[in-house]
Amino acid sequence: MELFDLSGKTALVTGSSGGLGAAFAKVLSQAGARVVLAARRLEKLQALAAEIEAGGGEALAVQMDVTDPASVEAAFKTIQDTLGGPADIIVNNSGISRDNWFTKMTEEDWRAVMNTNLDGVWRVAKAGTNALMEAGKPGSIINIASITAKRPQHTIAAYAASKAAVDHLTRVMALEAAYYGIRVNALAPGYFKTDINDEFLDSEPGEKMRKRVPMRRFGKHEELAGALLLLASDAGSYMTGATIPVDGGHLVSTL
Numbered sequence: 000m001e002l003f004d005l006s007g008k009t010a011l012v013t014g015s016s017g018g019l020g021a022a023f024a025k026v027l028s029q030a031g032a033r034v035v036l037a038a039r040r041l042e043k044l045q046a047l048a049a050e051i052e053a054g055g056g057e058a059l060a061v062q063m064d065v066t067d068p069a070s071v072e073a074a075f076k077t078i079q080d081t082l083g084g085p086a087d088i089i090v091n092n093s094g095i096s097r098d099n100w101f102t103k104m105t106e107e108d109w110r111a112v113m114n115t116n117l118d119g120v121w122r123v124a125k126a127g128t129n130a131l132m133e134a135g136k137p138g139s140i141i142n143i144a145s146i147t148a149k150r151p152q153h154t155i156a157a158y159a160a161s162k163a164a165v166d167h168l169t170r171v172m173a174l175e176a177a178y179y180g181i182r183v184n185a186l187a188p189g190y191f192k193t194d195i196n197d198e199f200l201d202s203e204p205g206e207k208m209r210k211r212v213p214m215r216r217f218g219k220h221e222e223l224a225g226a227l228l229l230l231a232s233d234a235g236s237y238m239t240g241a242t243i244p245v246d247g248g249h250l251v252s253t254l
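At the far end of the sequence shown sits residue 254, using numbering that gives the first Met the number 0, and the numbering has no gaps.
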């Protein structure tokens, strides 16, 4: 179990004001990491930080808009100035979706998804990797991809394309960062209830999808914890460039 211990590590989680991001932050804190909570809604981050600290953890709330280069730069400066060093673990979790048929999607919606889900991952990973390199420290970057990067679904062209790009970007980043002792991997969740998809999963089409999952259910947030800790900790010290699906067998379901 010592391999999974994150004591003495600092973990940054973007998009941690709710949903999977908040769950990831709690898991990392419980494993011993000091967590940096990053999102646009500072008041929600502060509430989560208070909850983590009430449970004996250590948390710092930092406002960050991953679509804004200046905001990302300022957030990393705050981390450095406040904590005296860079984040050892970075979870690139921020993401949005604008569902529509690709023939009807607006330029604005397409760019909004790409700017958050793809460009934001690149911005944060770039800033985090440079901070680790300057400090001469190893680290772990965990990008949140999706099983929609592998299998098509109606009306999510922008979301699926952005996640497919993140999946491959992870491998390129892993190749370039490996020399510096920085590992880059990805998690590809299946269907877990979040602010993005809860309305769909509760609908009739969502129920039909649930029946196509080999395990016949959607995932629970805590069921991502094992894969997250594997990639964040020394238990995964020889893993880089990997994408781990956690999906109840959805990707291997029959056509």
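A hint or two may mislead.
As the list claims (entries may be wrong) - With a Cα cut of at most 25 Å, we get these calculated DMTMM-like pairs of lysine to aspartate or glutamate:
#1 LYS125 <-> ASP98
#2 LYS219 <-> GLU198
#3 LYS219 <-> ASP166
#4 LYS76 <-> ASP98
#5 LYS149 <-> GLU203
#6 LYS207 <-> GLU42
#7 LYS136 <-> GLU57
#8 LYS149 <-> GLU72
#9 LYS192 <-> GLU175
#10 LYS149 <-> ASP80
#11 LYS43 <-> ASP233
#12 LYS43 <-> ASP166
#13 LYS149 <-> GLU133
#14 LYS43 <-> GLU57
#15 LYS192 <-> GLU42
#16 LYS192 <-> ASP233
#17 LYS103 <-> ASP80
#18 LYS8 <-> ASP233
Read the hints as simulated data drawn from the structure, not as lab findings.
TODO: Starting from the hint list further up, note which numbers the structure goes against and sort them upward.
DONE: Those not satisfied are hints 1, 4, 6, 8, 9, 10, 11, 12, 13, 16, 17.
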